[in-house]
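Chains A and B supply the protein sequences, listed in that same order. If you're matching positions, the first sequence starts at 34 in my numbering and goes up one per residue. If you're matching positions, the second sequence starts at 34 in my numbering and goes up one per residue.
Don't read these hints as lab results, they were simulated from the structure. One should not assume that every hint holds.
Repeated chains share a single entry, so a pair holds when one copy, or any two copies, can fit it.
[What the hints assert, rightly or not] Listed next, the in silico EDC-like pairs over lysine to aspartate or glutamate satisfying Cα-Cα at most 16 Å (straight line):
#	residue 1	residue 2
1	K195	E138
2	K195	D140
3	K47	E338
4	K47	E112
5	K47	E248
6	K47	E277
Here's the letter readout for the chains.
There are 2 protein chains.
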Amino acid sequence: MAPNLTERRQFILKLVVQEFVATATPVASEALVRKYRLTFSSATVRNEMAALEELGYMTHLHTSAGRVPTDTGYRFFVENLMERTNLSLAEQRMIRHQFYQVRGELDQWIQLAGAVLARTAHNASLVTPPRAELLRFKSLELIAIHETMALAVMVFHGGIVKQQTFSLDLARNADDLRRSAARITDALTDLTLSQVEGLLARDADHAAIHFSEFERHLLDSVARSMQTFEEQVQEQIYSDGLLEMLSQPEFLPTLNRDDAERTVERMRRALEILKSGRGIGPLIPQALASDGVQVIIGGENSADEMREYSVILARYGVDGAVAGVLGIIGPTRMAYPRSISAVRYISTLMSSLLAEIYKGSDQRGIE
Amino acid sequence: MAPNLTERRQFILKLVVQEFVATATPVASEALVRKYRLTFSSATVRNEMAALEELGYMTHLHTSAGRVPTDTGYRFFVENLMERTNLSLAEQRMIRHQFYQVRGELDQWIQLAGAVLARTAHNASLVTPPRAELLRFKSLELIAIHETMALAVMVFHGGIVKQQTFSLDLARNADDLRRSAARITDALTDLTLSQVEGLLARDADHAAIHFSEFERHLLDSVARSMQTFEEQVQEQIYSDGLLEMLSQPEFLPTLNRDDAERTVERMRRALEILKSGRGIGPLIPQALASDGVQVIIGGENSADEMREYSVILARYGVDGAVAGVLGIIGPTRMAYPRSISAVRYISTLMSSLLAEIYKGSDQRGIE
DNA sequence: ACTTAGCACTCTCCGGCAGAGAGTGCTAAG
DNA sequence: CTTAGCACTCTCTGCCGGAGAGTGCTAAGT
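Please model the entire structure based on the sequences and the hints provided.
What follows is the structure, encoded as C-alpha cells:
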C-alpha cells in the first residue's frame, strides 16, 4: 500500500482526478498549469502524466486528448489522496429534521434515505430494508373479514408487521379466532423461524397434542410467511435518484465522443442495472459483512456491466438485531469525498434511529 | 361524431395508422399499394391522403416524407375504425394463473397487474392502489415494543392495514394498552374519517366524558393516519415497464430523424413524467369517475409535456367499497386495440378479485 | 368527374473532404 | 531535471454532391 509515487506525481494525479470529476472532460497538461498556477511547466506535467500512464493510473483515449483517470487512479485517490470530509452541519441538521418529520414510519425512512442520498450525491441511491438477522415472532392477530375469510396480522420484534388474507375452511366466529390467535401467540412468542419449524415438526409427531387442525394450518402459514419474508427482503433493493444520475454528463450525448446510439444504450443499461439489481446484488452481502464505508470502483469486484460504475455502500442497523445496506451508485467519475460522507452520515443516522426502536426489544416488552 | 369521410378515406386512414404503428416509419402511398395490393393506384392514394391531411387526420414532416397520423387521426381510428378485440384465451388463462399464485396479498396484485400490463402492451404501466371510497375503521391493536414505545396497528374494512409506532407519554403495561385499544375499537368501529373527526370534536366539547387523555391522543393519531392515508393513496401511482416503453423505436436514436440530443432528452422527459406523475395525476380522478376504458391521445386532455404520449386507463374495484385506476402509457404511436384489451381484461380481473374480499365486508363480520 | 401515368421538385441521408483547434510526444537546449 | 519549440495526430465542424425516396401537380385517359 506504500505509494511508490513521488510527491509530485501524487499531486498531479490528485489534480487530474479532481479536474475530471468536476468538468467531465479529459484534462490537458496546459489547462492544469493555467488553472492551478503550477510552478512547473506543462511539458513537465506531460512527462509526469506519461509516467503515471505507464504505471496504470490514467489513460488516453487518443493521441491528442487529455488524460482520464483509470479505476486504479480513482482507487489510489480514494485510498491515499482524498481528504476525509463530513457533510456540513447545516446539511446534517436539515437531513435530521426531515427524518424527524416521518418518525415512526419505517417504510418512510427507507424512502427518505434513498431520496436524501440521491439528492446529496447527485447519483442514484440504493437502500435495502433493514433485515432482522433473526426474525423473531411477537404476536398474531386474526381479524374476520367475512364468513370465510380472515386477515392474519403477524407482528415481529422490531415493529415488522406482515399481513395475509386467509381463507377459512369453515366459518368460525370472532371468539374462535381470538382464542386460536392467543394460543398461537403464546406458543410462538420470541421464536425464530427455525424454532417455529422445529415446533411444527415436533407437533406433527405427537399429532395434535397442542393444536387443532385449524391452528396447525395457521402455524404453517406463519412459518411460510416468515420464510418468504426472509427470502424476499434479502433481494429487495429500493432505488431512487435515477434522474439524478442520468443528469450526469456521462448521459449527455453532446459531451460524449461516441454520440447518440451509445449514450442511449448506456442509459438503457443503467436502467437495467438499477431495475434488475444484477451487478449490485452480489455486493450487498459483502457490505453487510463489513464495517465502515465500502467503495467499489468500476468493475473491480463485480460483473462486466458495472465497468463504468462505482458503488459506495455502508451497512446500517443495530448489532444483533437488524441490518440493512444503503449507498450510492453512479459513473466512476464521481465526487467520492462527498458521496462517501453522505453514505457515512445517513448510515449512522439510520442506525441510531433504528436503535431507538430496537433497544429493549429483546426483553419481553413491558410486562 | 358522424364520420364525414368516404368509405375509402376511412380505409386509407386505417391502413396508415396500422402501418405506422407497426413500422414506426412514415407511410408512403406507394408502399401501401404494394403491401395491401390495393385496387387503385398510388396517385389516388396520394390524393386521398392530401384530403385527409387537409381534414387534419394526418401530417407530413416535410415534402418528401410519408404520412403520419395526427392525434385526431388516432382518435378517429380508436373511435370508428378499430375492431374491438380481446386477449387470447391462452393469454387470459396465463394471467389468471399468475394472479392465483399470489392470492391473498393485495400488494402483490398491484405489482403483478403493473408487470402484466407492461409486458402485454410493451409500454409502461400505471396502477394506483385501490382506494376505499370511504375508509372505514375496523379495529385497533396496540402492541408494546418497549417501555415507552408501542406499535399501533389499525385495521380498516377491506383488509387495509396501517401501522405506526407510537411513543408513550408514560410507561403503561400491556393490559392498559389492551383496554385502551378495545375501548377505541368499540367507539370507532365502522366509522369513516369524517365521523371519527366528528366524534373527536364532540368529545372535546364534553371534555373527557368518554376518553382518557391517552386515549384521546390515540384517537387523534388514528384520525391523522386516516387522513394521510386518504391523501397519500390518491397520489401514489405505482409504475412498471419503463424499460418496456423505452424499447419502443421512439427512443432509438437511429430511427429518429432528430438524432442524439433529442432522443436522450425525450427519454429523460419520459422518466420525469413517470416519476413525478405530473401529466398523469390529473387523469386519475377523471378515470375514477367514469366507466369503461378511457383513451387519452396525445395532449388531448392534459399538459403539453404529454403531447407525445397516450394514456389508456380503466377503473377497477368494487362499487361502493374501493376503487383504483390502472392503465398504460406510451408513445401516441401505440397498438391501441391490444392495449385497450389488456387494460380492459386486467381491470375486470382485478375487480373480481377484489369483490371476493369485499363482498360482505359491509356487514359486521361473522359475529 | 374520377383515376392515373409521368415527371419535376423537395428534402433527407451518406460519404468524403478540408480547415481549424486542441494536445501530445519528442527533441534539443538551458 | 526542466522547458521551449515544433511536428504530428486526432477530433470536430461545415460543406458539397450524389443517390434515393416521396410527394405534388399536370395532363391525358376512362
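Against the structure, the hints come out as follows:
no., hint, in the structure
1, K195 to E138, "both (15 Å within a copy, 10 Å between copies)"
2, K195 to D140, "both (13 Å within a copy, 11 Å between copies)"
3, K47 to E338, "neither (27 Å within a copy, 43 Å between copies)"
4, K47 to E112, "within (11 Å within a copy, 64 Å between copies)"
5, K47 to E248, "neither (66 Å within a copy, 61 Å between copies)"
6, K47 to E277, "neither (26 Å within a copy, 42 Å between copies)"
The earlier numbered hints that this structure contradicts are 3, 5 and 6.
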